[in-house]
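Undergrad: Residues per chain are reported as follows:
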Amino acid sequence: MSDFFGDWHALLVLVLAGFLPNEIWRMLGLWLGGGVDEGSELLVWVRAVATAILAGVIAQILVFPPGALASVPDWLRYGAVAAGFAAFIVARRSIFTGVVCGELVMLAGKWWLG
Amino acid sequence: MRSVASTVLTLVLFATYLGIGALAHDTHFSLGWVLASTVLVWAGPAQIILISTLGSGATALQAAIAVTVSAIRLFPMVVSVLPMLRTPRTKRRHLVLVTHFIAVTLWVECFRLLPQVPRERRIAFTHGLGIGLCSVCLVATSIGYGLAANLPQLFAAAILLLTPLAFLLSTARNCRQLADILALALGLALFPLASMLHTGVDILISGVSAGSIAYGAHRWRARE
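Chains as they are written, first to last, in our numbering: chain L, 1 to 114; chain W, 115 to 338.
So here's chain W without its partners, still in its complex pose (with noise of 0.2 Å):
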């Protein structure tokens, strides 16, 4: 619990759903919806993206791509974060429940608190975050939902600048390897190129092409 109250990022992440409530109320979906989105889904942008392309009146196919490309970067969050929950004895059920929490915050939170944490409380510690964290982002989107009707439009803009604001210093804290920093520098500038072509999956190509030269510079260095 303590972990839970004592991370910055909780509150960044209640102010993300406070926007994301408010962005549901908005675009006039259901409390109950945006509340089941918030426990089914459980990643900020992919939530933000699957508000704002449905009630732009796009159809369900062309917000689930849109959904999904922005969930690529989860594949690599769970195999990098699954090695420092597991034991010889853990089943692969037993890590489910955990893999669906997994998002930028538990990503960054695991990496920074699971070292300090017994291997095999790991699992029950990372359940426990999970839930705190889903709790405290059920109030927040509640509380965005009925506070939308009068939230002036310079704090709805202060809101969203939140997300990448919060994603880059977080991610900027975790590099500790050349590979990391330059993936995060090469991730942000590769982007606007990549968004000139249009492709719709202009982030895979931007993130796939950043991450790879990253790795490079890291092989070459690790060789001299």
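One chain only, chain L, in its complex shape (with noise of 0.2 Å):
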């Protein structure tokens, strides 16, 4: 058992700098968003910043990228998401053959870097 889950103090920093971070934004949502109406203005403008938070966590994959994707040349990351958007863009919001085709441009470049 404890050396399944390491020692206390591994889950200690877990459930401190992990769960309680992350999760006291879900439990806020469901205590302060109790009154919110479905289609009001609020939600409108609510969604427009989760939307630009989420696209500043894409951001920041591309721009600052963890572990082995910092091996990637910049202009590879960003060409190889371009051509992944432009993919899904020509096949009517299909994100499967976004997905393949980004990484698909990704792999051919770094092949192609030797």
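Calculated directly from the structure, the hints in this document are not laboratory data.
Which stretches of chain W does chain L cover? Using the computed rule of at least three CB atoms under 8 Å from a CB of chain L, they are: (1) 137 to 149; (2) 202 to 210; (3) 279 to 289; (4) 294 to 302.
Here are the computed distance ranges between Cβ atoms for each label pair: (5) L:41 / W:257: 40 to 48 Å; (6) L:93 / W:257: 24 to 32 Å; (7) W:201 / L:42: 15 to 23 Å; (8) W:257 / L:9: 22 to 30 Å; (9) W:290 / L:9: 42 to 50 Å; (10) W:311 / L:42: 24 to 32 Å; (11) W:266 / L:41: 49 to 57 Å; (12) L:91 / W:175: 40 to 48 Å; (13) W:206 / L:40: 15 to 23 Å; (14) W:175 / L:31: 18 to 26 Å; (15) L:104 / W:201: 44 to 52 Å; (16) L:40 / W:204: 12 to 20 Å; (17) L:31 / W:238: 19 to 27 Å.
Which residues of chain W face chain L? A few of them, derived with a C-beta cut under 10 Å, are: (18) 160; (19) 177; (20) 329.
Just so you know, these numbers come straight off a predicted model, no measurement behind them. Even glycine gets a Cβ: it sits at the ideal position worked out from N, Cα and C.
With the hints as a guide, bring both chains together as one complex.
TA: Pasting the structure below:
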């Protein structure tokens, strides 16, 4: 059991640094979002901000890549995502086509670079 | 169950959690720890941030701040999904588990699938979807953890590229109003600018300003 989870200290860090700071925003949404109506103007703004924050997370992973992604040059990361987006539009909003195309461009670029 | 199987995002999620399992192995976390983080945190970017900051030797406080900034986006997601689930008889405690499951994939899938589900069954449907997705991810985390030692760098890079690609395209598909499209485009464009400020809450700054500009444009056009 203790081998599987590691020591209690690591689990405590998981709860304090991972679970609570993440979960608090969900629960705040549950407590404070109670009175909000579907289709209200406030919700349009809230959704726009959520979308823009998510866009920020996407941009962060591309601009400051974690781990092995940092081995892919900047222009190839941006190019692969742009190609994936173009394929997504051409294929009438198929996420699958877009993801596969973006990945292929990245792999082909890495292969071409050697 | 069919909804879980049919979503492309499940595949992407599977691959993302392969990556998280592998990342956890490489940064010397135990398998039980990373599985517990999948169940408790249940948000891909937050887990990647948590594991990579702790793995790089940061303190728990620094990791907590980085995680909480990335998690602010969950607040408006919850606020926008819950009205679709609520019936006049729904109590707040009935929604706690649903709220925990809300993350980008479930948020996107709720907008796509819930309109076809009768309102009184939506909470049960979302519980099923959440538990299904979570189980898939636990399996993926374990496989990724097991494979990590033999994972070539190219494959690891491809897995990490999946997260931004899938997030971008699934958000783009759900954009219906002008405000959503503008928020996505401006959010991407403003982050590199905001990141020059080095505030530690750059995503919050670019997100709130891009979202508000997009909302302003929506109001302005509605008035015409």
